[in-house]
Amino acid sequence: MMESFWRLLLLQDHNTRVVLAGACLFGAAAGLAGTFLLLRKRSLLGDTLGHATLPGITFAFLLAGTFGISPRSFLWLATGATISGVAGMGAVLLIRKMSHLKDDAALAIVLSVFFGAGIAMLSAIQQLPGGQAAGLERLIYGNPASMTSGDAWFVLLASLMVAAVCGCLFKEFTLLCFDESYAHTAGWPVRPLDALLMGLVVLVTIVGLQTVGILLVVALLVIPAAAARFWSDDLRAMALVAAFAGALSSLTGVIASALLPGLPTGALIVLASALFFGASLLLGKKRGLLIRHLLEREASRRLRREHVLRAIFECAEEGKPVVTLEQVLAKRPWKKNELTAEIGSLTNDGLLTTDPSGANFQLNGRGDSEARRLVRNHRLWEIFLLNHADVAPARVDRDADLIEHVLDQRLVDELEDLLDEKARERLVPGNPEKSLP
Amino acid sequence: MIWTELDTWIVLTGALTAMACAIPGVFLLLNKQSMLGDAISHAVLPGLAIGFLVSGTRDPLPMLIGAILAGLFTGVVSGVIERRGRVETGASLGVVFCSLFALGLILIRIAADHVDLDPGCVLYGALELAVVDSHAVPRIVWQSAAILALNLLLALLFFKELQLVAFDSRFAKANGIPSGWIQQGLTVVTALTTVVAFESVGSILVIAMLIVPGATAMLLSRSVAGVLLWSLVVALCSAVFGHLLAISMGPVWLGWLTGRSDLGSLSSAGMMAASAGGIFFALLAASTLARKLQPAPRF
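Residue numbers (our numbering), protein chains in the order written: chain S, 1 to 437; chain C, 1 to 299.
Since the hints were derived computationally from the structure, they do not count as laboratory data.
Nothing here was measured: the structure is a model prediction, and the numbers come from that model.
DSBU-like cross-link-like pairs, simulated, lysine-lysine; straight-line CA separation at most 35 angstroms:
id	chain 1	residue 1	chain 2	residue 2
1	S	K41	S	K285
2	S	K41	S	K97
3	S	K41	C	K160
4	S	K41	S	K102
5	S	K41	C	K32
6	C	K32	S	K102
7	C	K173	S	K335
8	C	K160	S	K102
9	S	K286	C	K32
10	S	K171	S	K286
11	C	K160	S	K97
12	S	K102	C	K173
13	S	K41	S	K171
So here's chain S without its partners, still in its complex pose (with noise of 0.2 angstroms):
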């Protein structure tokens, strides 16, 4: 077992190498590819481009002997399957152009009834004596394995070209996938760029067929496209992580099932994927679920932080500098607990001076200007909702409430210079949440 797992490592069958690479390579492609398609919202074409290219393949099965080619061909069957798909995108694009029906049940319907004939065709050839059609499942489920040095420079070509035309026409594929109107107004080929996109999804499927098959193709145009997304906003970013998703995925599941023979290799690459994009889900840089979630805990610690240094200073501008915990708790619908924790970590921090049983408390030199700053934020807000988007007076306090913790410097001193002194003059309302019974 380790001294196959080494023989593998280190590359040293030349069948090892044409599948690792061929594999590695085509994962790549389709991350690219799925890249774009994943941002166009037409993940699923995928699918539907995969099952599609069925009928393809059994007919041009079928259709060899009168040709006299060898039905086992990949390229004559790549063929058929390139001419079916375009056709089924083809029916794809016809559906939503003819008919009201939604872009989802034109993908389905074409999906399943191009299958379905593909079907009807390859139970024909399961027919046929001497078990030929087992050269056409491995394009259904998928066999690197029995990839030759002549499929593997084939797929090398085909995701060189995907890689290429990705490369030179990346700012085209941006602006198709985040504003096609725009692109259209501004006088770009729109339908060209959207063909040859398309192009590059076709190809990147057929090629897929060897790898992991026909209905395993969209996995890889999906997940490590998806993935990607939550490790960068920065599409360029994006592209390359979804590459290397996809070449990490093929070269894990490769690697997973010369270790555990018997095992079907596209379903091993696609899971190696499914894991990928379980671990960004949870652990991407940009949108994983664990660093949104300190964010958000961070940004809401930040705002009670702001609210409850607000309310002091209110308590305090009432009456006596000394501010009693009865008070603030008065001003809005806290919890006990955890307003004595702020205060608590307000008082560590230097802000606040509280006497040793914790009920009172008073704003220090650096807590003051900082709750004059809030203050001074929330009231400047509230005044230009008042004066110059002529806010209902009762909502302006809720209103201005939401957006002071992210006012910069920069709008502050926007909306000094414009509010005059006769603004200024001008009455604010009290809390309106005391006047509630």
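Keeping the supplied structure of chain S fixed, place chain C upon it in accordance with the hints.
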């Protein structure tokens, strides 16, 4: 062409299953969840395999439970990924069902030592073999009739709710209709129908019959009740035409196209799906033509 008793049973099973699928399909279509059928039918594979592994037999009950759980899992998990992970609907569905399908293929290979289970059988079905039975009326005929009756009953009972949730789920919710439960229920019924149909007709006919009859009916009628009725008619017609094509003209035409004379009959399930597509595209062309020929409305 020789029509035997077996052919009658094949057409009957196909038609009953097709009609049973068409009913939840119409509502999936209205909910813009057309690909859910495809997703579920791929995703139930690990459920089936685990059912087999646990029970060690081809007993249908554990298989049914496993598959329904897997179907629900797909709906729930893809919803969670979509909302919490902010991934687009199609992509989150794709991630979940592809992963589950891959897992299913691996589990089946592992289970293959214990039970006789073939992914091909799950995908394409074995309609021609399933009707061979020692009973007077084959078991799968009863089975498909039961699921059709169940779906019809549920659709009639919850017609108003299903319709409201499909068109305006917020309004439905505001009116006290538990739209979340209705949608989950639709997922369960779809999973149940898919699983029952698996054994007899395979998943491909299920995917086709969930969506194509409904979509065809939408070209013909504008009311939900009308669409439901027409979809049943389309499902019935495609089953009959599909089998006729599979055993008679299909092989002849295919042989003529490819220049071969050694072709046997085709898979009935595959041809039923294909002929449903034929009916859809013919009506699509006809409706477009009719719109073109109609004089332009005057304002």
